[in-house]
Structure formats: structure tokens, C-alpha cells
Amino acid sequence: MKSLRPVPFFRLILPFIGGILCAMYAGVKVEFLLWTLPIIFVISILISRLKGHFSKRWMYGVLLTLLFFLLGFIRYNQTYELNSAQHFSHQILSKTSVFEAEITDMPVVKNERLKVQLKILKTGSENKESVPADGNLLAYLDLDSLSQNLSYGDRIFFRGKPTQIRLPGNPVAFDYRKYLHTQNIHYQLFISESDWVKSAETGGYYVQRQAFKMRKKFLKILRKYLSDSETFSVGSALILGYKDEMNEDIRTAYAQTGAMHVLAVSGLHVGLIYLIISKLFDLLFGTYRRKMRFIKALTCLFGLWLFAMLTGMSPSVMRASVMFSVIIVAGLVRRNNRIYNSLCISALFLLLLNPFMLLSVGFQLSYLAVTGIVYFQPRIYALLICENKFADFLWQLCSVSIAAQLVTLPLSLYYFHQFPVYFWASGLVVVPAASLILSGGLLLFFFETLFSAFAPFIAAAIGFLLYWLIFTVNFCIKALQIIPGSVIEGIWISAFMMFILYVIMLFLVKGINTRKGKYLTAGTAILALVFILTAFEKSKFINNRQIIVYDVYKNSLIDFMGNGTSYSLISNDLKEKSYGFAVKNYHYAQDVNKSEVVNIDISDYNSPALFVKENFVQFFDKKLYLLDKMPQGNKKQIDLDFLIVRNNPYLNLEEVGKYFRCDKIIFDNSNSRYKVEDWKKYCEENAIDYHVVSESGAWIFKF
Amino acid sequence: MKIGYPIKEYFYFAKRERQGFVYFSALCIFFAFLPLIYPLFYDNTTVDFSEFNREIEAFYADDENDNPQIADNIREQEKEIILFDFNPNTASKEDFENLGFSSKAAQTILNYRDKGGKFRKKEDFKKSYSVTDEMYKKLEDYIVIPEENKAFPNKKRGKKFEENLPAEEFLFDPNTASLDDLIRLGISKRTAKGLVKYREAGAVFKKKSDLQRVYNFREADYLRLEKFIDLPDSLARRQNNFPPPKFVKKEKPVVYIDINAATAEEWTQLRGIGPSYARRIVEIREKLGGFADVSQVAEAYKLPDSTYQAILPFLTNENPTVTRIPINKMSKDELGKHPYITWKEAKRITAYRSANGIFKSMDDFRKQHVFTEEFYRKIEPYLSFEY
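Top line first, the protein sequences correspond to chains C and F. According to the numbering used here, the first sequence is numbered sequentially starting from 1. According to the numbering used here, the second sequence is numbered sequentially starting from 704.
Hints were generated in silico from the structure; no laboratory data involved. Think of the CB as a built atom: it goes at the ideal place given N, C-alpha and C, for glycine as much as any other residue. Careful, some of the hints might be misleading.
[As the list claims (entries may be wrong)] Pulled a few chain C residues facing chain F out of the computed Cβ check, cut under 10 Å:
id, residue
1, G564
2, Q637
3, F703
[Unchecked claim] The following label-pair restraints were derived from C-beta to C-beta distances:
id, chain 1, residue 1, chain 2, residue 2, range
4, C, K622, F, E843, 34 to 42 Å
5, F, R1027, C, A455, 40 to 48 Å
6, C, F703, F, K892, 43 to 51 Å
7, F, A735, C, T514, 22 to 30 Å
8, F, F744, C, L37, 30 to 38 Å
9, F, F1017, C, S151, 49 to 57 Å
10, C, T96, F, K1040, 44 to 52 Å
11, C, D249, F, A735, 44 to 52 Å
12, F, K825, C, K636, 23 to 31 Å
13, F, R1027, C, F190, 43 to 51 Å
14, C, D663, F, A904, 35 to 43 Å
[What the hints assert, rightly or not] Dumping the calculated EDC-like pairs for lysine to aspartate or glutamate here, alpha-carbon to alpha-carbon at most 20 Å:
id, chain 1, residue 1, chain 2, residue 2
15, C, K680, F, D884
16, C, K95, F, D876
17, C, K636, F, D836
18, F, K900, C, E677
19, F, K896, C, E677
20, F, K841, C, E655
21, F, K825, F, D836
22, C, K613, F, E754
23, F, K909, C, E193
24, F, K909, F, D876
25, C, K635, F, E903
26, F, K910, C, E193
27, C, K675, F, E754
28, F, K841, C, E654
29, C, K161, F, D933
30, C, K594, F, D746
31, F, K840, C, E654
The shape of chain C in the complex, shown without the other chains (with noise of 0.2 Å):
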């Protein structure tokens, strides 16, 4: 491993990061390994001054290794809350438990309520003393003057049981349980206006809280400036790293053009700051001088780590942050910058201090990306030589872009199952207009605060500027993607198959290296493989049909698919978003590619597969009926493969039996809980075969 020499820490995180996983399958207790940890280093030590200890020279790096491993694997069980044994979930829980907790992130207006992230402090009961307790917790509260007062640090008391967070109800869609779970949240509570007090204001780190006081300033500023929520959302992500109005239609325009990473304060931006700071310091005071080197380090750290707090120490910029004071801090040390080491460094100082930033998409794209460009875009932009200046430049943004998709690509396939055909279009407007309003944006908070008083029209002016600016960058993101052909959706890959092309990627990239033809034809034999393997999970879905009623709340949805066509029948009342969340996963995962909605209460319907009428259901050879309402005279009993209880009906089960024969019932989650719990009990005393939507999730039936 040549190429590895001069990138030690890649060799350290590399076991750290295989000690993370094997604590996330195994789950050990870590108190006796603890001690492993001092007697391997005290070892290793030893052996390195054994005579003859060059021969052996391996052991030190093997006991290195696993020293770092072990670090990893401890690491993450230290710091998953539930290992934790004063974690709340071990006292007895019931409604009438007491906690005193901290808020640890600014409060948040989500659907209504106010959603607020809480440290537990202790617990106890109206009978028992309290007793000292740990972990995450998340609340919803309702809105009104007093929770619209809460803010970071504040702590509360509260009483109520929390509860672990429901699983997804349907197949594959998003899992909220696990996406708390990277964050290392597992319990959520609702609590109600009276059942919760504000007990102190001096919690959490006094530069935190001043960061959030910084940020609520400028995104006043702001707000001022920038009226519409299209230009608000944009220019608060961009500067400041707020994404908790986002406008959902300008999300979804740069999602698809590939430039939703200039909206989440990351390397880019501190990048640009530290670029901005750099040239600056350049400007005014040159820097031959070892001394002004230093103190232009200074500077660019200061301003690096001012600009954190500015945007309220968001997870995403503290780690480009760190990213890039390591590098500075390298930089300084060594003339020879060596970036990998650098990456690979904070990188490592990052997941000691909280693993399970492994898991998080941001965390992955980032390191990802920068890894990528560094790369990736000497070497594209070394394929194409430009005269003209202006070319030039372009082609330098251009090729950055291109190194970054195509690093991130498998993993932004994995997890967002759409590519963005334009990215190097939206490249080209994002990158340079994102410099531009980060300077504006610092210009106007400086303006602002500082001479408001007697030069308030400079504010102004840049504020109006900044307003146009962001405002031309949305419409040319929004034209882009309307242009036919912008997004290709629908990719579903595996967590193995996203592995495997990154094996392949490393492949082709050594062979172009070494111009050895075997690693490219290793490199292709595997996307052989990939495609084989493809075309034939494809195939399975050969004539393979699917009746699924989903997971909605109070309300129906179920789906008739088969070869690449699904028909939906949905209530009246489902939100298209809970369509979206129910079913556009499973439908990318299957295959679908021409989807029908109908209305449920349509009382006729026909198509090649399909039969609707008068709440009956056939669909090739199963026959169904809708039951929403009790049946009533005198009918011809009717023989049905399954009956889809709906809308919360008042039933007698016995009667229903007398009208419809069928060999299982499906109570779908418009039916309220009470009732439910009745049919099933009417079920299991007549061993009728049922199945509880709400209870047990979606139901799937493949034929």
C-alpha cells in the first residue's frame, strides 16, 4: 500500500470505524474492555523497545490496530443512551412520572406544535423521591405564550409516560425510529399545556446560548430583507444554516438540479470564508514571512470559528469547521499540505467525540465530497485545456462539480434514489452566487448592526442587492428544473450494491492510474456482475402481483400492483404528502413505473386487471369488498377471498359473516382504536383470520 504511506490517521480510522459497526450489530457490555484499552497501548510500547523488535515490526502496527477498534466499539457504547444504566426507560414508567429536563436545541414549530429536544436530569414520582436519570427525549408541546418562550438551555419539568418510537408502518418508506436513532434519540413524549412548567433559564453552554442569541439577530435582519419565504429560506440556509422554514417547493427545485448542498452550511461555505479570509489577509498584509503565516493561521481560525457561532453551531458546521482547522493547523506544520491526513484526522477527533456522526447522511457526504474533489478535480480539469480566461473558469467550477457527483453518487443514490441530470448546470449559478451571498449576507450584518444608526441606507442597499441576488439565482434553479429530462427518480439500490460500486469506482481509478488493463477489467467484470444481478431481481417482478393496503392515518389506501403498473384507491381526505410517504418508496422499490389513483368511493371502475363496483373489488383472481358501512336486507351470501374493514363502520361481525364468506379480514387505520379492539376479539372467538393494520402495519399480499 504505497499510495498509504503518507496517510497514517486513514490507517487508524479505518479499525475505529470498523469498531463503530461491530458495536452497532453486537451489543457487549464495554466495562472490562475499558481496561484492554491501557495494557494493549502499555504493550505495544514495550514491544517497540524489544531488541530485535524491527523483524517484529508488524506486531506494533496489528496491536495499534486493535487498539483503535477497541476505541471505536467503546466509543459508541458510551455514548448510545440506552446502554446507559441511569437511562429513564429503567425506572418503572407510568403517566404520572415526573422529569426535570434541558433543552438541548432551539425549539422548533412542526404541524402545529412545538417540537423541543430534551435532556433528561431526573425522574421520579408523585410517591418517590427523584432520582438522578439520562437521556434523550423527544417532546412536542403545544403551541401557545409560554412554550413560544422556550428556548436552549431552559429547563422544565414535565410529567407523562414517553414512549419508544413507532416503527414505519409501511414498506421501506422513511423510518423516523432509525433516523432519531442516528441521532441517538429513542423516546418521544406529547405533552399537554398543563402538564409542564419552565423550571430554570441557566442550562446548557453559555456559548451555545450566545451563538442562538447571535443567530436569532441576524435571521431578524434578515427577514427584514429578504420578504418572500422562497428568498428567505434560501438565503437563511445558505448564510446562516437555518432550515426550519424552508420552503418546500424551492427545496424540492434545488434537490432536483443538484444543488441542494449549497443549502446546508458545510465545507463549501467555510471553504469560501476561509478563502475569503485568506485573499483578505493576503490583500493587507502579504504573507512571506513565516511570522505572518502564523498569524494568518490565527486569523482564519478566529473567523472560521466567529462564522460557527454566527450560525448557531448547527452539528453540519461545526464539523467543516473542524474539517478546516485541521487543515489550517496542518498547513502551518508542514509545508507539504497533506490533505488526506488532515481529512482523515478530523475525521477521527469528530467521531470520538460523538460516534454516531458515522450515521449521518450529512457527515457521509460531506467527507465524501471533499475526498472526491480533491481527487477527482485536478484530474478532470487536467482533460480539457481552455485559452480563453472566462472558459477557463467555468471549467474549473464545472469540474469541481463533476468530482463531487461523482464521488457522492452511489450514496446520494442510496438515500435519495433520484440523480439530477443538470448538476453541472446548477453548479455553474450555485458555487460563485453562493460566495457572493455569503459576503453580502456578512456585509449586511455588519452594516447593520454597526452603523444602522447614522448610514442606514448602505444596509439597505446591500440588503435590496441581496434580495435580487438570491431572488435570480431561485428562478434560474426553478427554469432548470422545468427543462424536460432534469431528474431521473425512481433508482432504488441496496445498502451491498451502493458497497459494490464504490469497489468498482476504486477499481477503474487504479487502473487509469497505473494504465494496468487488469484493474479496469476487474473494475468491469464486477459491473458485469452488478447488472446480472440487477436484471435478475428485475425479473422476479415478472408477473409477481401485490394487494397492499398501507399504514395512513385515519384514513385508506391500498394498492393493486403487478408488471410495473400499481392502482390506488385512496379516501377522500389523504393528504397527497401521505400518499408521497406511503407508497413512492415502495413503488421505486418495486418497480412501478405507471401508477393510477382513484377514488375510493367510486362505484364504478374497470381495467384490464381491475374491477371495481359498488365497493366490490376483483383484481385478476382475487375478489374483495370494501366494508364500510353495515349491509343491510336480504342479499344472496357472497363468497370473497378478503374483506377491507374501512371508515370506522359500526359492525356487527356476526351479521357481516351472514353476508360476505372470505378467508381473512383486514381492518385498515381509519377504524378507530375501540372498535378495533372489539372485532378482534369477535375474530379470535370465531378463529377468523384478521390482520390489524394499525397494529401490526401494513398489510401485504403477493400472488
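Given the coordinates of chain C, work out where chain F should sit on it, guided by the hints.
Just chain F now, with coordinates in the frame of chain C:
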């Protein structure tokens, strides 16, 4: 611009390497495009739905063969049938309609009662002209006629049976425990039912001793179950620091709200009124054209009666002027738009108006038979009789 690398040189590979690369690339392309021909293998035979169609028609066909009265009942019905315990001597017309009777049939029963008819036992209900054998069979189990001379009906047997079962012990919340849970705990069926009824009537158990409020709750049972009740002992203040004394109450300033002038924000100042209720109150106020009386505030969508009672002391109506609609000038569509007038009622009003001339006053308006006194009372402030 020109290409940066000597491309031709760059892409030179030895023959063996080329072969391998080409071979695998061909495989890639082949399998990448293979799924495109999968549709050829789709089973596109059109499904024959005619048999099912016939079965469905047979299913619904029997309706016509039935007693035409039942068919009438069913066809006229737009509501779903709700079966519930009822006393035919006291049930309302709506109750009968919910049970499955047509409007006409329900009215017949009511007429019989108005004339002095009484159902002394279940079978008497069969005698009513509106009740067919079919209907009676379905409703028989739900007829509840309190019997005058009750000795101890089958209760004795039931009681013995209950006493035989061992009582279970587990943590329960009287506010949510099911009937079964309560019985399993050893509470008698009658008392358990009473508890559930009490709950349905709106009772909330806040502390353990509240359970004793349930009618006939045995002292012995309470003492036995006290430790399993998942409720606080009392809502009194605590001595120790945790939880803090002011836990349950929240202080809000006392404010009087002028119901016709207050904005949504001002409404939220009331305890129990948040942004959504405030919004709804303002919504109906705007739809109505102003509140004539404080009681109309209770009509806000899904505003619980308890909340209404709680805010009632703080409501004033300084300026009860409302927008009046010219009842003589509007079409039935326009009338139907008013929250208090349904489209059917609007039709009736306009029909009456064209038959009997314009309404000169409220008394004139009152002459219509079809509407209830309640309706007149509510709509009166909103009518103007200009022509």
C-alpha cells in the same frame, strides 16, 4: 480549447487487456438492457370479470324481492345503520332513523306514542305498523324497556359466576381501562358498566379517591385496588422540591373578550383557547356575520362544552349587531350559504315564498310549518324583511 492529455496514447491497451475489457463491457450492456424486454413476458391475458359481476348483481338483486317497505327504508336511507340499546317509549325520531327506520316509519312510531301508545314489553314494539318482522328480529336484542316490578332478575346467577373467578391484580387507569379489565380486577359487572357509563358521560378521574365516586363502588373493592390505581393520591402541593408546587396550574391574566370585536389573537388569551379554536370562532363569526348571542360561540367546530363553560364568564357582547340577510331577495343557493340554513331548508323557504308571497315580518316567517321553534329563534337575528 483542446484536450489536455494525449488521448490516443492514453487509451492504448495491450490486446489481452482489450479483450477482457471488451468482453465484460459487452456483458454490462447486455444485462443493462435486458430488463427492457421483460414486458414481453408479461401475462397480459385480460381477466374475465363477468362472473364476479353476475355474483355482485345477484347479491344486490334480492333487495327488490323483499318487503317493499324495507326496500323503501333502505333506499331512502343516506345514513348508516347504528344499532344501540334504546327504549321505544322514549327514543327520538333521529334515534329511530339511526336504527334503520325511514323518516316516515319513524314518524309513525312517534305519532302512536303521541296519541298515548305505550310499549310495555318488547313484543309490543312488533305491533307498530312501522316495525316489520325483519326489523324486529334485528332490533329485538337492543330494546330496553325498564320493567316496573323487578325482583331480582338473572342477576343472582350472574353474581355467583363472577364471584367464582379469581380477581387479578395489575396497574390500571380508571380513565382508560376497558370493561373487561375492570371485571378482571374483581369489580362487579354492574359497577364496572356504571363506571364506563360515568366515563362516557364525561367524568374524569384525577386522583385515586375519585374512583369512589362511581355509583355503588364497593368499599372493599376500593381498598383492595387502591394500590393498583395509576393516579396520584392527591393533587395537593408537595413539600419536597420535586416536582415543584405550581405544577398543575398555569396563571393567565383575566381578560374580557368582546365576542364580536375580538381578533383571533385576543381569543387565545382565554384559558383553553389556542390558535386553532380561536381561528374557528372567528371563522364562524365571519360566516354568520356576527354573534347575536354569547351562546353561539359554543357552536365553533369541535369546541368542547367544558371549554365553553370555562370561558363563558369572560365573554361579553358589547355590540350584538349582526349582518342581516334580506330573506325576500335571496335565491335558494344564496340562502343555503348561511351557516344556519341548510340547502334543503333554503329550498323550502323559497318554495314557500313563491307560493305565499314575500315575508313581511318575523311572524309571517314563523308561519311555515316545517321549521322548529329552535330554528326560528336562532335565525331571527339574521333576517331582514325588506323587499
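Against the structure, the hints:
no. : hint                          : verdict
1   : G564                          : holds (8 Å)
2   : Q637                          : holds (8 Å)
3   : F703                          : violated (13 Å)
4   : C:K622 to F:E843: 34 to 42 Å  : holds (37 Å)
5   : F:R1027 to C:A455: 40 to 48 Å : violated (57 Å)
6   : C:F703 to F:K892: 43 to 51 Å  : holds (46 Å)
7   : F:A735 to C:T514: 22 to 30 Å  : holds (27 Å)
8   : F:F744 to C:L37: 30 to 38 Å   : violated (59 Å)
9   : F:F1017 to C:S151: 49 to 57 Å : violated (30 Å)
10  : C:T96 to F:K1040: 44 to 52 Å  : holds (49 Å)
11  : C:D249 to F:A735: 44 to 52 Å  : violated (34 Å)
12  : F:K825 to C:K636: 23 to 31 Å  : holds (30 Å)
13  : F:R1027 to C:F190: 43 to 51 Å : holds (45 Å)
14  : C:D663 to F:A904: 35 to 43 Å  : holds (41 Å)
15  : C:K680 to F:D884              : holds (16 Å)
16  : C:K95 to F:D876               : holds (9 Å)
17  : C:K636 to F:D836              : holds (19 Å)
18  : F:K900 to C:E677              : holds (18 Å)
19  : F:K896 to C:E677              : holds (17 Å)
20  : F:K841 to C:E655              : holds (10 Å)
21  : F:K825 to F:D836              : holds (13 Å)
22  : C:K613 to F:E754              : holds (13 Å)
23  : F:K909 to C:E193              : holds (16 Å)
24  : F:K909 to F:D876              : holds (10 Å)
25  : C:K635 to F:E903              : violated (36 Å)
26  : F:K910 to C:E193              : holds (19 Å)
27  : C:K675 to F:E754              : violated (34 Å)
28  : F:K841 to C:E654              : holds (12 Å)
29  : C:K161 to F:D933              : holds (12 Å)
30  : C:K594 to F:D746              : holds (17 Å)
31  : F:K840 to C:E654              : holds (14 Å)
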